[in-house]
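Participant: So the chains spell out like this:
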Amino acid sequence: MTRAAAVFAAALAIALPLSLLAGRGGLSAPVSATELLILTELRLPRAVLAVFVGAGLGMAGAAMQGYLRNPLADPGLFGIAPGAALGAVTALLAGAPWWAVPPAALAGAAAAMALLALVAGRTPPGLGRGIALFTLAGLMISSLAGALTALVISLAPNAFVLSEIVMWLNGALTDRSWREVAIAAPLILSGCALLLLTARALDALTLGEAVARSLGVVPGRLLWLLVAGVGLTVGAGVAVAGIIGFVGLIVPHLVRPLTDRRPSALLLPAALAGGLLVLIADTAVRILPLMVELRLGIVLSFIGAPFFLWLLLRLRRGWA
Amino acid sequence: MTLEARELSVPGRLERVTLPLRGGRVTAICGPNGAGKSTLLQALAGLLPPAAGTVLLDGEPLCALDPRRRAQAVGYLPQGAEIAWDVTVRSVVALGRMPHGDRADAPVAAALAAMDAAHLAERRVLTLSGGERARVLLARVLAGEPRWILADEPLAALDLAHRAALMRHLRAAAEGGAGVVVVLHDLAAAMNEADEVVVLDRGRLVVSGTPEAVLSPGLIARVWHHDAVWIGEAGHRALVGR
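Taken in order, these protein sequences are the chains called A and B.
Reading the first sequence from the start, the letters are residues 1 to 320 in this note's numbering.
Reading the second sequence from the start, the letters are residues 1001 to 1242 in this note's numbering.
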């Protein structure tokens, strides 16, 4: 394990138990049966889910930045998160029961991936063209899913459904249970496993697509590992927590200075740091003394957007 | 050990180029801008699927070869020096080991030393000068110990001493049995350093052979539209305009 991975693993090991103490109801010294229930059935699954969702987003972001060789890349670029959101929102509009929302989101993510495959999957194996084509196709799929989501919102039959949809889109881990963990964890773990398989190829891409291919990287295989990995991690994350932006964008930047900057050295620490960031943000959401609980997605955007601006300023002055 | 282009065509860039190459020699590919030199090198490296014709490595079609086996046999250095992340010199050179699936230290150290870059090993690549970067990128190719070294304009960013050192090193690799194929703009370098010169013009192979036989003032006038003569003795020739 690298230094960066060790640092974030240790921070996570400290933050996870501490986050269990945070919440509206305090805990007494000998924990009562009710408090134990709150801990094991409410706070613990929520914290574990935060770590999984964040880890998926963090690693997907690191892999995307490595693949596109661009520090401003985000897992959202493939259109998978908007696709998942569209699936979930459609289910909410149809009045589907709570348990049907995550599968609908996963179906949306899968549809976005399939469309991506259809549009850009037969890219001729020329040098340099594949990445641009996929990025543009992903952006178009994002726009399309966004437009359809807006359409679904405008079709909401009443204020209750509308508010349910909007609240869901803002992203949250409120009232999540072990059920959501059971849905998301295996998908996120397998997505991360696929992304870890791209590690050396991402390193080779540091020297450009031609050199990577000359070193034995097969662009098509790399791309599918990446799309499937990002699809599983991000799709599963959106399915259980709604849209949680900026994690995939910010986390690789937080981690990169602690590594030797090889894309492969970033993957595991970015997963751990992503889990830590979402856990901290979700804990902050729970303890902020407000009338209503803030949505996690909103909090992360409040952290993420200024960070992104600061990043742009730094880029303007010279390379990070 | 052979690498052979047979009736190779890439639409708009190469037309029916047949070129047998043998190991143990330094071959220079020359030609004016847009002649198809880089395209030919990419095709020889197995990076461009030809529209027609084949590239054969020891008689086997290159595009049918397992990418990893191909990568072990053929090292490719493109023109320019694209580097996306500010990694260390050592990790750039270690990428050369990727086709072998190891990170063996000895070949990496040897390649760094050969390119006079051992002292740069822990530096970040984006802090290097253009010439230092060019040496590090060639060291990456050498670290893979390929049987074929294909390099596109490896001399472009180098100062005099490092140009000579690089050519000496490629010569040594060729004497060790490797096939060395370099795209060169500098005709004097081709004349003095290569065993064989291949001249391309507008996608076609014009002529190939020993430098003395190929790079005559007449051919230079015809292909490059430039009037020039060679001065100096064999091995130390210089090209001067008339």
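By construction, these hints were calculated from the structure, which means they are not laboratory data.
Source: prediction; values computed, not measured.
Check each hint, because a few of them may be wrong.
Said to hold, decoys possible - Just a sample of chain A residues kept apart from chain B, beta carbon distances all over 10 Å, derived: (1) L27; (2) D175; (3) L205; (4) L215; (5) R286.
Said to hold, decoys possible - Derived CB-CB ranges, DEER-like: (6) T2/A with G1176/B: 56 to 62 Å; (7) I287/A with T1127/B: 43 to 49 Å; (8) A1238/B with A117/A: 37 to 43 Å; (9) G1209/B with W224/A: 27 to 33 Å.
No residue lacks a Cβ here, since even glycine has one placed at the ideal position from N, Cα and C.
Participant: Each hint needs a verdict: does it hold in this structure or not?
Facilitator: Okay, the hints, checked on the actual structure:
no., hint, in the structure
1, L27, "holds (46 Å)"
2, D175, "holds (41 Å)"
3, L205, "violated (7 Å)"
4, L215, "violated (5 Å)"
5, R286, "holds (37 Å)"
6, T2/A with G1176/B: 56 to 62 Å, "violated (37 Å)"
7, I287/A with T1127/B: 43 to 49 Å, "holds (44 Å)"
8, A1238/B with A117/A: 37 to 43 Å, "violated (57 Å)"
9, G1209/B with W224/A: 27 to 33 Å, "violated (46 Å)"
Checked against the numbered hints above, the structure breaks hints 3, 4, 6, 8 and 9 and satisfies the rest.
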